[in-house]
Amino acid sequence: MSETQRSGCPINLTLEALGDRWSLIVIRDLMFGNRRHFRELLNNSEEGIASNILADRLKRLTEGGFITRADDPSHKQKAIYSLTEKAIQLVPLLAAMGAWGRRHLPATRTLSVRAEILEEGGPALWADFMAELREAHLGIPRPGTGPKASDQMRDAYLAALAEED
1 MSETQRSGCP
11 INLTLEALGD
21 RWSLIVIRDL
31 MFGNRRHFRE
41 LLNNSEEGIA
51 SNILADRLKR
61 LTEGGFITRA
71 DDPSHKQKAI
81 YSLTEKAIQL
91 VPLLAAMGAW
101 GRRHLPATRT
111 LSVRAEILEE
121 GGPALWADFM
131 AELREAHLGI
141 PRPGTGPKAS
151 DQMRDAYLAA
161 LAEED
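Quick note on numbering: the sequence shown equals residues 1 to 165 in the working numbering.
Worth flagging that the hints you see were computed from the coordinates, not collected in a lab.
Nothing here was measured: the structure is a model prediction, and the numbers come from that model.
Where hints are given, some of them may not hold.
[As the list claims (entries may be wrong)] Below are the EDC-like pairs computed for lysine to aspartate or glutamate, each with C-alpha atoms no more than 20 Å apart in a straight line: (1) Lys78 x Glu63; (2) Lys86 x Glu135; (3) Lys86 x Glu63.
Just need the whole structure built from these sequences, with the hints factored in.
Shown next as structure tokens:
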């Protein structure tokens with residue numbers, strides 16, 4: 001019996017495909033933090049991911065078709081990780097999770113402001129952000145020339161950070 005036939009439920013299948021919280025954190029950091037190298041993901045992890053766990057999740061996410069790994073042309077010993085379309089289409093799910101978390105869990109302003117921007121921007125902003133991700137990770141030119149969703153999120157984050165100081 002295949003995995004699809006065994007679990008059947010789309011929610012279960014999604015959870016099985018993503019694995020665990022570390023997988024979502026790696027996707028989040030690739031997506032929202034533009035961390036594309038192993039060292040960036042390791043050294044800039046707010047959660048303090050261990051190197052062996054990071055290596056395992058990168059391998060799993062690659063095998064699962066969520067990310068790709070390619071040699072970095074700027075450095076022989078580095079690899080660059082990119083989101084696939086499959087991962088980019090998680091933006092609405094991550095936006096909904098962030099909105100839920102902001103409402104129901106204690107979170108600092110700086111760590112929740114991007115979720116707030118995504119929630120308020122809704123599907124139109126999600127589509128803009130996904131177009132940016134496609135450009136950065138898949139090489140598909142972003143349509144339009146308007147303000148970038150990532151700039152809105154970055155500016156809101158920096159403003160919240162300045163308020164904190």
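>> To test your reading of the hints: which numbers does this structure violate?
In response: none
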